[in-house]
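Q: Sequence:
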Amino acid sequence: MSTSSPLNENSDGVVERQRHGNSHHTPKLDAETKAVMNADAKLSNPLRGISHDRLMTDVEIVAQERGLTHLLPDLKKGALIAQDPSCVWQYRAQKFLTS
188 MSTSSPLNEN SDGVVERQRH GNSHHTPKLD AETKAVMNAD AKLSNPLRGI
238 SHDRLMTDVE IVAQERGLTH LLPDLKKGAL IAQDPSCVWQ YRAQKFLTS
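Heads up, the sequence shown is in this note's numbering, so the first residue is 188 and it goes up one at a time.
Honestly, the hints are just simulated from the structure, not real lab data. Please note that a few of the clues may not be correct.
The calculated label-pair distances, taken between Cβ atoms and stated as ranges, are [stated by the list, open to error]:
hint : residue 1 : residue 2 : range
1    : TRP276    : LYS215    : 23 to 31 Å
2    : ILE237    : LYS215    : 37 to 45 Å
3    : ALA218    : GLN270    : 24 to 32 Å
4    : ARG241    : LYS215    : 31 to 39 Å
Since the structure is predicted, the reported quantities are computational estimates derived from the model, not experimental observations. Note that beta-carbon positions come from the ideal geometry of N, C-alpha and C, so glycine has one too.
Generate the whole structure from the sequences, applying the supplied hints.
A: This is the structure:
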């Protein structure tokens, strides 16, 4: 009697685990778990999901309220970087290419 192993060796000699059925299995989450995950995502970056126009308008309002309009370009850049930290590299590359 032969038993099948859950491991297979592919053509490159790499041992892989056999996949059965749906390889994209994701567990079903209850409503409470989904709510907690959504809250965690929002807390990790509260600016995520805000449109560019809305973000810039909010920055302008805060700058006017606080008397910081002279810093508006820097505040806008900071808001964009806070929203998406990966954009700092895009900004630096653009600044480097245009200088």
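Q: Now, for every hint given, state plainly whether the structure supports it.
A: Do the hints match the structure? See the list:
Between TRP276 and LYS215 the CB atoms are about 37 Å apart, so this pair departs from the stated range of 23 to 31 Å. For ILE237 paired with LYS215, a C-beta distance near 30 Å fails the hint of 37 to 45 Å. Distance hint for ALA218 and GLN270: a CB-CB separation of about 28 Å, consistent with the stated range 24 to 32 Å. A C-beta distance of roughly 33 Å is found between ARG241 and LYS215, which places it inside the suggested range of 31 to 39 Å.
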